[in-house]
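Asks: With chain Y held as given, fit chains U, S, G, W and V onto it using these hints.
Protein chains: 6
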Amino acid sequence: MRLAVVNCNTSERMTAEIAAGARAVAGPGTEIVAVQPRWGAASAEGFYDSYVTAAAVLDRLAELDGTVDGVVMAGFGEHGREGARELLDVPVVDITEAAAMHAMLVGHRYGVVTTLARVRGLVRDSLRTAGLHDRCVAVEATDVAVLDVGDDLARTVDAFVAAGNRALAAGADAIVLGCAGFTSLHAALRDALPVPVVDPVAAGVVLAEGLVRSGASTSSQGPYSRPLVKARTARPVG
Amino acid sequence: MRLAVVNCNTSERMTAEIAAGARAVAGPGTEIVAVQPRWGAASAEGFYDSYVTAAAVLDRLAELDGTVDGVVMAGFGEHGREGARELLDVPVVDITEAAAMHAMLVGHRYGVVTTLARVRGLVRDSLRTAGLHDRCVAVEATDVAVLDVGDDLARTVDAFVAAGNRALAAGADAIVLGCAGFTSLHAALRDALPVPVVDPVAAGVVLAEGLVRSGASTSSQGPYSRPLVKARTARPVG
Amino acid sequence: MRLAVVNCNTSERMTAEIAAGARAVAGPGTEIVAVQPRWGAASAEGFYDSYVTAAAVLDRLAELDGTVDGVVMAGFGEHGREGARELLDVPVVDITEAAAMHAMLVGHRYGVVTTLARVRGLVRDSLRTAGLHDRCVAVEATDVAVLDVGDDLARTVDAFVAAGNRALAAGADAIVLGCAGFTSLHAALRDALPVPVVDPVAAGVVLAEGLVRSGASTSSQGPYSRPLVKARTARPVG
Amino acid sequence: MRLAVVNCNTSERMTAEIAAGARAVAGPGTEIVAVQPRWGAASAEGFYDSYVTAAAVLDRLAELDGTVDGVVMAGFGEHGREGARELLDVPVVDITEAAAMHAMLVGHRYGVVTTLARVRGLVRDSLRTAGLHDRCVAVEATDVAVLDVGDDLARTVDAFVAAGNRALAAGADAIVLGCAGFTSLHAALRDALPVPVVDPVAAGVVLAEGLVRSGASTSSQGPYSRPLVKARTARPVG
Amino acid sequence: MRLAVVNCNTSERMTAEIAAGARAVAGPGTEIVAVQPRWGAASAEGFYDSYVTAAAVLDRLAELDGTVDGVVMAGFGEHGREGARELLDVPVVDITEAAAMHAMLVGHRYGVVTTLARVRGLVRDSLRTAGLHDRCVAVEATDVAVLDVGDDLARTVDAFVAAGNRALAAGADAIVLGCAGFTSLHAALRDALPVPVVDPVAAGVVLAEGLVRSGASTSSQGPYSRPLVKARTARPVG
Amino acid sequence: MRLAVVNCNTSERMTAEIAAGARAVAGPGTEIVAVQPRWGAASAEGFYDSYVTAAAVLDRLAELDGTVDGVVMAGFGEHGREGARELLDVPVVDITEAAAMHAMLVGHRYGVVTTLARVRGLVRDSLRTAGLHDRCVAVEATDVAVLDVGDDLARTVDAFVAAGNRALAAGADAIVLGCAGFTSLHAALRDALPVPVVDPVAAGVVLAEGLVRSGASTSSQGPYSRPLVKARTARPVG
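Residue numbers (numbering that gives the first Met the number 0), protein chains in the order written: chain Y, 0 to 237; chain U, 0 to 237; chain S, 0 to 237; chain G, 0 to 237; chain W, 0 to 237; chain V, 0 to 237.
Excised from the complex, chain Y in its bound form (with noise of 0.2 Å):
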């Protein structure tokens, strides 16, 4: 089957890194399309970015529409998931949500550790509309900024490790990695905490090839019909 990884952002090195983390679980015949939007904002940090990278991966992912099995959202915490779901028949997995039920089904109550405190809000609003923050018992931030994540590797563990210790002492007893594309983040987050540690690339990925090997398509009834047609501009170049 051929999955359609998209990362929110413009940057390329980190839609590199989303696609070798999704290739590294990927079943065998699975063909990873990793692609980004063609504009939008080189990193998601906030609402503003959010609701800005939606459009702009729903312009692409509108391009890829009939080319692909299922779609893996990488933006963790972004706005649009229902928007492709509208767009698109075949299944679209947000990473958050996969995410979020991996935890579940492996940890009683988990919590989340991101980057900045700023996105916190986005996370829970993110985790509220999808139905799946009842078991959510904290959301921590690390204040790293999505693309200084990679700079200082051994500073940025330790800063997700607090984090993840703050979640623990909450109650969680699962943690979520609340950003996309760090393989060498999760590995070594998985090793210094005691409970498991989901990358929500990973679980995006083999959440959609089971939906997708279960023969499964998008409602096209109801909230996620298919857009109905009528006028629309593009974004002017500004």
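Bear in mind the hints are in silico, worked out from the structure with no lab data behind them. If you're wondering where the values come from, they're calculated on a predicted model, not measured in any experiment. Note that CB positions come from ideal geometry on N, CA and C, so glycine has one too. Watch out, some of these pointers could steer you wrong.
Said to hold, decoys possible - Partner residues aside, some chain W positions facing chain G, computed with beta carbon under 7 Å:
id	residue
1	Met100
2	Leu104
3	Gly106
4	Asp133
5	Pro193
6	Val205
7	Gly209
8	Thr217
Replies: Just chains U, S, G, W and V, lined up with the frame of chain Y:
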């Protein structure tokens, strides 16, 4: 004071109707600046449209920054309000929230009557994210498309009255008109239903005036911190 | 328009302070009629006081019926609003609701700072019943009694700032001042805290003005139907 | 032990019926002191009545302080219980809570059948504030006024049986009789409906007896701390 | 009346202690039949034990069918109550529910103090399923194992008092002792903590007595319909 | 990898059907080990059966410990999953959770269609405890008993299609087939209903494969810590 009232779609006719409704309720010292996004969809009916228009509206709001004292986002159920609150220091009122608040002040539980069945999920998600769904007992659709609302007013009124009565049967004692820009429809509903009917644009305007008058500004700490400075690319002409 | 602003206790000094705060924010065409109940408690601090003052306030409101265009109930967290909505056709705004609504429009999650620890349950119950608790993350007390708030302003401000900072630490990005009638305290808090601080009387007045201006009246169907005609006996002089 | 059973309205006939129901279920060593407020409404049917009777009942309870071992508040859905818990050290049981608790112990989800449609909101609010609404699936009205319940028992029973069947259709497997003082109505419903029917006064009496027997007293810390000493004025004769 | 009080584990010492506690609070006409399952675990501390003891307790209850007027299930937080309600016509009271109910009647929000940290999730799940979690603000563990509770009473009391104080700091004004069979521990906690402390066995016994006295039986419609007749095989001796 | 798929009842025919369904969807490298408990009920339909089968399934799982890479618990709505997660280090997927997750990824709100009305409460409780009920809008029964599902396929399909249409009318846009082991019923429903229909065994198998492939194991901290070593007695032959 100067309030921007932002239609979420590119229909100039609807912007004009929204402007008229806003001016009808605005106080003597309030100037209404009615605008619409420079790109996007002719009408927003569903998640895909909602995410596209959110980005288009945010683009338009960025142009207005520093020129207005408050913003009314006049797309019922549409995404983007949290992004606008990041972007701007002045108060931002989404008419979805405003209408729900007015309904909760004049009734014990409220219902929403809206256009197409496909947007019911969008409306619910918006109210839940806003923390205002708890006393909402019904979101009823009429199967009248946004751009058709004014075409045959008698038929439209009948459909909305029927939807309103379904909401009353479900326990509502106040009704929110779940679409923007239809002053005559609102008047007809108010006459036909035995409970208060909230016009969302009117509610949004008076709430925004009140916030401005009481000296409020949007929080700049935490989730609504101003967007970070970073590389952002505009959408190419498609 | 003519708005009644009803202090919930029998302290004339507090009525005067509430009146001053209301007039400071009211629009040019708004006449503020500040009243207090003819019996009840000198200050309301707890459930017992709240229920007694609710009845006393309803007595007072019955006298005002037909003479005002709207009512602001100026007891933070106090009972009675649903009874007032039965009794009167004009809009009734409880400052507890109003303050929460303003806070939810300028912040993502809010906290309340209030007087004695004993009223925290009362405030939470009021917000939950109003359907506005979902985004409240903290109700913090200062252990300053209502009638002592103005006695030593510096000490009072310190206590409220400390409570505000506890609410911020709990995740709030907007603060509700959880007591009525303290303009100078509100000003001091607004200067001392890095997030919006909502004055509940101001919020109540502008919300009521907006409702009146938009032509709203309270529902007369269902739970807020006018009280039935029946034998009622007044409370004997004790 | 000595239990006060407090009717919330001023109808002596209803106090007598409530007393009879209480005595029918009370244990051999329990003395039932049935009282009613000295002022207030002939029947409580709605928010306005509920707030007035709450104050009247609290006045009456203050007289009883020190003379009883426990209190049963026998107004279904009525306000005031938290005030009574502040006022008194002995256990206070609201029949609304008691009936919901009994229903939750004998059924998986329960429904309430009550008098006028106008009190449905009051009943729901009471159950939600009590934290007992989660398993309530229906509050059904009969349009029989409180003081008319006994007038035409056959017609009343028919109306309550119909309401009960609507609750069963909504998923209830236990029914709460949502009004006080109607022993014969309870008996008729129990015979006519295929599920347990809880009489709220009976539930309240046995729960209060159990609390007293197990040595319980009401908390005197936090929200239920005893009322503060302060100036309080009685209601003048109206 | 005849009440079965069913210890959930196979420890005879604990059954004896539970019986003593039950008899201490039972009314003069109540005969307590204290039993324990014929197989299962020496103590139940976690989900695995809880599911095993649920089946063992249901086996034991099947033997008692027709011989008792009511059942108290005396395993705090343990599974099985809904199965017992299917199996039996007489009222079944789980001490977890009973204790929460008593706590909710004497306090505004409650906390639970229990044995090992590992059972906190089990206790929360039990309270949530029962619809009684809404006003629970803390479940605090002591790290004292069930069978060690009585070993060093002074140390045990200290640990439970510390846990109770943590619950008070979290907002509780009533405490539930979250384990069965420790009359002396309950007495010590009641003396050491400034709020009501509920003994779950006592609460369960008086609630069951009350249900029986008021003529209640378990619903036989819907979820608690009697088990269907079908082939069932007993667990072989392992 | 080697996955155990555990039927919850003792029917060999159902185990065979579940095994066939699991193998139909499993990836090429996955070996399905289909087992059933050695004791218990021929079919599980209600709380009593559910608790008995939970213990029987846990007994069976203890035998499998160390021999499989993951477990699929194939009893829809049945108890025991948290106990299995204590007992085993490998991932454990309950088909109830898996089906809800798949439905939430392809639809906005989902409904469940199941066998007898008596199990509706069990299914709801299971989804709520799993934190996956928030977007479930209907649990509809067919009154077809588990062991009769295959007897008259046309009649069974009609009943499930009718139940599915009731769920759609309640707002669902995706359907979960709420029973295990009926491949042909699933195929017929998928053809007859206009929305995605999730087969729970298929969902469970692909979710478990994905968890195993991504290297997940169950948490061993907190609620899912391995069971303590203690005296345990087997159930005597009854």
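Asks: Per the CB criterion, is Met100(W) less than 7 Å away from chain G?
Replies: 5 Å, holds
Asks: Would you check whether Val205(W) satisfies its interface hint, that is, whether its CB is within less than 7 Å of any CB in chain G?
Replies: Holds. Min distance 3 Å.
Asks: Does the CB of Asp133(W) sit less than 7 Å away from some CB of chain G?
Replies: Holds. Min distance 4 Å.
Asks: Take the shortest C-beta to C-beta distance between Leu104(W) and chain G; is it under 7 Å?
Replies: Since chain G brings a Cβ to about 6 Å from Leu104(W), closer than 7 Å, the hint holds.
Asks: Take the shortest C-beta to C-beta distance between Gly106(W) and chain G; is it under 7 Å?
Replies: 4 Å, holds
Asks: Under the criterion of a CB-CB separation shorter than 7 Å, is Pro193(W) in contact with chain G as hinted?
Replies: With Cβ-Cβ at 6 Å, under 7 Å, it holds.
Asks: Does the interface hint hold: is Gly209(W) within less than 7 Å of chain G, judged Cβ to Cβ?
Replies: 3 Å, holds
Asks: Please verify that hint: Thr217(W), Cβ, nearest Cβ of chain G, below 7 Å or not.
Replies: Holds. Min distance 5 Å.
In this structure, every one of the numbered hints holds.
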